[in-house]
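The opening position of the sequence shown corresponds to residue 24 in the numbering used here, with each subsequent residue numbered one higher.
Wrong hints could be hidden among the right ones.
Unchecked claim - What follows is a set of in silico ranges between Cβ atoms, one per label pair, in the way DEER data are often shown: (1) 91 with 436: 48 to 56 Å; (2) 237 with 54: 45 to 53 Å; (3) 68 with 35: 18 to 26 Å; (4) 237 with 415: 52 to 60 Å; (5) 281 with 138: 27 to 35 Å; (6) 281 with 239: 17 to 25 Å; (7) 40 with 436: 37 to 45 Å; (8) 323 with 344: 31 to 39 Å.
Because the hints were derived from the structure by calculation, they are not lab data. Here a beta-carbon is modelled for each residue, glycine too, at the ideal position from N, C-alpha and C.
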Amino acid sequence: MCSSALTIRLFGSIAVAHGGRSLGPRGFGGARPKQVLEILLAARGGPVPVERLAEGLWGEHVPGNFAASIQTFVSTLRRHLCADTGCARELIVTERGAYRFAVEHADIDLDRFDRLLARAGRASSEAARRCLIDALSLATAEVLEDEPYADWAEELRGTYKGRVIGASLEAADAALIAHDYQAALGHAQAAARLDPFSERAHRTGMLALYAMGRAHEALEGYRRLRSLLVGELGLEPSAQTRSLEAAILRQDDASSLLPRPSRQMQLRSSGQPWLLFLGRRAELDLLGQRLASAVGGDFAMVLVEGEAGIGKSRLLDEFASTLDGVRVGRARCSALEQHLSRVPLAAALRGVLDQLDLEPSQLPALRGLLPELALGERQAEFGEVDVLEAIVEVTRRTAPLVLILDDLHLADLGT
């Protein structure tokens, strides 16, 4: 039994503290054991198959004896994490064909960050602001800076970069609501440094400057943003950004431009951290219109695009929470599963099929998407068209049905 919890830092380069010992990137017995630990931590407590570990370690050049090599790396990692063999095995758990890190025995900064965001979503405006500031104090650097080129690190890094941007923007709005314009400007500038194309970050900074009586600087900020967007993307600023510029030129009362606190958002059953949900009514209304069209018998597909951290997943969370009487299947695409055909689609449909009394024999081609439906039977070969026809039939039987796929750019071609 582990006598004390590990403290693990993933913002910046990995660092582990346990029993008075501190381990940095060079403290785990080599680069490979360190990478094994980081891949397991990136799975956030879920089991990682040995094959996925091998892919993460060697990419396309996996050696023939990879399983034995990984076993050696795990043994080395355990020895460096904890001198007590029992404790080490409690931390790095061996499962059938996989390993997992027992996150319940660790205090991980990413988890603290997420808990603070969740707490912010349940709190009043001022308390939410304090939680956001505490969360941002943890995010002093990008996640896993010691692995700048690894795909599995880049995915986790991108996820938390988006969350940090989102938290910075929410903290900026909370500061505007509290009339703390200097703090709002600081948060907005931090978000813009992480994502220079974030119009929301630039708008918030413009508004903070204008509220402080620095209209000239606010307009100069607009000109810099426009030059960036036109020069790099060939795009004009959005109508919302242009509207703010016009309001500043008209010298509108700054108080009329400040955000208003929305209703307190409760933590949804999805377990995702919620922040104040501001400024997305138009997008929600549009999604509602497309849903109404689909319920009326039309097929509808909506692609939600936007800058990192702008709140795409939160918008879909809010939309999903309004879908009374509609079956919903949802999954997240992952770069680690791009080599596996239609995994996100299968995951989304699996949640829907669990709600149905469906005999596998009724739609045998679904076994091409969900192998567990074969139930030990000899697996028949199904073509792409067969599988697609089965999906269409499931849609017909379960209508109205909404399938939501997050991070679609990471999906395989079949999905």
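Hint check results:
1. 91 with 436: 48 to 56 Å: Violated, at about 33 Å.
2. 237 with 54: 45 to 53 Å: The hinted range 45 to 53 Å holds for residue 237 and residue 54, with Cβ atoms some 49 Å apart.
3. 68 with 35: 18 to 26 Å: Given about 21 Å between the Cβ atoms, the range holds.
4. 237 with 415: 52 to 60 Å: holds (58 Å)
5. 281 with 138: 27 to 35 Å: For residue 138 against residue 281, whose Cβ atoms are near 29 Å apart, the range 27 to 35 Å holds.
6. 281 with 239: 17 to 25 Å: 20 Å Cβ-Cβ, so the 17 to 25 Å window holds.
7. 40 with 436: 37 to 45 Å: The hinted range 37 to 45 Å holds for residue 40 and residue 436, with Cβ atoms some 44 Å apart.
8. 323 with 344: 31 to 39 Å: Between residue 323 and residue 344, where Cβ atoms are some 19 Å apart, the hint is violated.
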